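Colleague: Spelled out from the first residue to the last, the chains are:
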Amino acid sequence: MRDELDGTPKNETDPPAAYTPVPVWIFVLTLVLLFLGAVYFDTYGAWFDKQVYAPYESAEELALYQPKSGEAAMLAHGQSVYENVCGLCHGTDGLGKTGQAPPLAGSEWVVKDVASLAHVPLTGLNGPIQVKGQDWNLAMAPMGAGLSDADLSAVLSYIRTSWGNQGSAVSADEIKAVRAALGGSGPSAEELAKMTPVERGHAVFRKYGCFQCHGQDGKGGVSNFNAKTAEQVPSLIYVADGYTKNELIAFISRGERNIPRKNPAGPEPPHFMPKWGPVISPNELSDLADFLFSLKPKGENLGF
Amino acid sequence: MKMMKMNMKFAAFLLMTALASFGAGVARADDPLDAATQARIDRFEKGPAKVDVSKYPQGIQDNYDVFQQKCSQCHKLSRPINSDYALPDEWSRYVKRMMHKPGSGIDSTDGKKIYEFLVYDSSVRKKAMVDDKLAKLGADDRAADEAKIKEVHDKYDNQ
Numbered sequence: 001m002r003d004e005l006d007g008t009p010k011n012e013t014d015p016p017a018a019y020t021p022v023p024v025w026i027f028v029l030t031l032v033l034l035f036l037g038a039v040y041f042d043t044y045g046a047w048f049d050k051q052v053y054a055p056y057e058s059a060e061e062l063a064l065y066q067p068k069s070g071e072a073a074m075l076a077h078g079q080s081v082y083e084n085v086c087g088l089c090h091g092t093d094g095l096g097k098t099g100q101a102p103p104l105a106g107s108e109w110v111v112k113d114v115a116s117l118a119h120v121p122l123t124g125l126n127g128p129i130q131v132k133g134q135d136w137n138l139a140m141a142p143m144g145a146g147l148s149d150a151d152l153s154a155v156l157s158y159i160r161t162s163w164g165n166q167g168s169a170v171s172a173d174e175i176k177a178v179r180a181a182l183g184g185s186g187p188s189a190e191e192l193a194k195m196t197p198v199e200r201g202h203a204v205f206r207k208y209g210c211f212q213c214h215g216q217d218g219k220g221g222v223s224n225f226n227a228k229t230a231e232q233v234p235s236l237i238y239v240a241d242g243y244t245k246n247e248l249i250a251f252i253s254r255g256e257r258n259i260p261r262k263n264p265a266g267p268e269p270p271h272f273m274p275k276w277g278p279v280i281s282p283n284e285l286s287d288l289a290d291f292l293f294s295l296k297p298k299g300e301n302l303g304f
Numbered sequence: 305m306k307m308m309k310m311n312m313k314f315a316a317f318l319l320m321t322a323l324a325s326f327g328a329g330v331a332r333a334d335d336p337l338d339a340a341t342q343a344r345i346d347r348f349e350k351g352p353a354k355v356d357v358s359k360y361p362q363g364i365q366d367n368y369d370v371f372q373q374k375c376s377q378c379h380k381l382s383r384p385i386n387s388d389y390a391l392p393d394e395w396s397r398y399v400k401r402m403m404h405k406p407g408s409g410i411d412s413t414d415g416k417k418i419y420e421f422l423v424y425d426s427s428v429r430k431k432a433m434v435d436d437k438l439a440k441l442g443a444d445d446r447a448a449d450e451a452k453i454k455e456v457h458d459k460y461d462n463q
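These protein sequences, in sequence, are chains F and H.
Each residue of the first sequence is one higher than the one before, starting from 1 at the first, in my numbering.
Each residue of the second sequence is one higher than the one before, starting from 305 at the first, in my numbering.
So here's chain F without its partners, still in its complex pose:
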């Protein structure tokens, strides 16, 4: 039979005039592609992060990230040291932390003479102090004792000129002079060379003020209100039992910012373990670990 109009052969079995099901594999493929797309986006898409898609809001902001020279470079370096070492307690905004660290922004101590300011990071600070009319009574370890003159002067310059503080910049020579005036507290290089690792570690223990919280003999006992550890800073004399040398060095480097609370609803305990990694050198850390291991009371055996 032929079609009446164009004469082409007429198909005897015309397809029925109904919906044709979409093949299932198209859905499976779409699903797989969608999933892979999502994974790809998750891995490489940066989640619309401002820093990737619109990093700079203005020409001024872009200028801020250009390589700096002179004082600007020194202050930028000071900021990075500050955020690594000081900011954990005093805050990147210099406002301090209630019950843990007084503010540096607007503090009368910060803009005082260089010598009395530099004293704080070089020797630590223990006991009562009044800042902006408020009383504080805490302990700060000498967090700056391990910093170079250049690093310490940069960080102090940053603190003195930031957050509305109107102090002058500090030079490395001024820090050197303050260190010299303090002088004689630590052993000299020749003396260190003659010491055993344990003796050198004891010097490290003193240099960084570990004793301020853990006690002169490492037995702890300094009060730490609302800390789960019986409201005390832990003793160190048994670290030989609980840590390998590498574990201990890793712990000291990392610190412990969040101390578990005795009463979960209570305030944050005032003392916590600072992040010592950026401050104490690897050799000093190794000696310190040897010293701490040596504190274990002789002849004590737990039997396991």
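Rather than coming from a laboratory, the hints here were simulated on the basis of the structure.
Everything numeric in this text was worked out from a predicted model, so none of it was measured.
Some clues are possibly wrong.
As the list claims (entries may be wrong) - Derived coverage of chain H by chain F (criterion: at least 3 residues anywhere in the stretch with Cβ under 8 Å from a Cβ of chain F; other residues may be distant):
#: 1; segment: 386-400
#: 2; segment: 411-424
What the hints assert, rightly or not - Cβ-to-Cβ under 8 Å is the rule here; a few derived chain H residues that face chain F:
#: 3; residue: Cys378
#: 4; residue: His404
#: 5; residue: Lys405
#: 6; residue: Pro406
#: 7; residue: Gly407
Beta carbons are placed, not taken as given, at the ideal position from N, Cα and C, and that holds for glycine.
Given chain F's structure and the hints, the job is docking chain H onto it.
Modeller: Quick look at chain H alone, frame taken from chain F:
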């Protein structure tokens, strides 16, 4: 028409899956400070918080009670139960580290019981992990750990 309806269902399922995978990505975007440690703890704590000790010797079952009571003061029991510590050397250090924390309330007698439970339990429940870890040790360390496992089994198996 029937076919069309089914495809709509399929499309809805597809959409939900896509949304779910998107959601999963968003959920993990906010990382805490020490992300690696936190992730490790989270992984352990997702596991069961109990051990079936019914087939263990009575002495080890008693030690399990001490373990439950003392260790849950500070952290979930699922943390040590599912942790990747398995060797006597690891448990000895971990238990001592915890018991020396001020106020732990764990004396050396309890500490030893907890240690024995953990060593015994690991040698049974985490046998593959123990064997794997032992195989990676030097000969001396392996012999020392094996001796300590044997010591705990000898003490309790024939009670």
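Colleague: All hints are to be evaluated individually against the structure, with a verdict given for each.
Modeller: Okay, the hints, checked on the actual structure:
For the segment 386-400 of chain H, the stated coverage by chain F is satisfied: 5 residues place a CB nearer than 8 Å to a CB of that chain, which reaches the threshold of 3. Under the rule that three or more residues need a Cβ within less than 8 Å of chain F, the assignment of the segment 411-424 of chain H holds, with 5 such residues. For H/Cys378, the suggested interface contact is upheld, since its CB lies about 7 Å from the closest CB of chain F, less than 8 Å. At its closest, the beta carbon of H/His404 sits 4 Å from a beta carbon of chain F; the interface hint therefore holds under the 8 Å criterion.
Among the interface hints, the one on H/Lys405 holds; its C-beta lies about 5 Å from the nearest C-beta in chain F, closer than the 8 Å criterion. Taking 8 Å as the C-beta cut-off, the interface hint given for H/Pro406 holds, the closest approach to chain F being about 4 Å. Given hint, H/Gly407 at the interface with chain F, holds; its Cβ is 3 Å from that chain's nearest Cβ, closer than 8 Å.
Hint violations for this structure: none, all hints satisfied.
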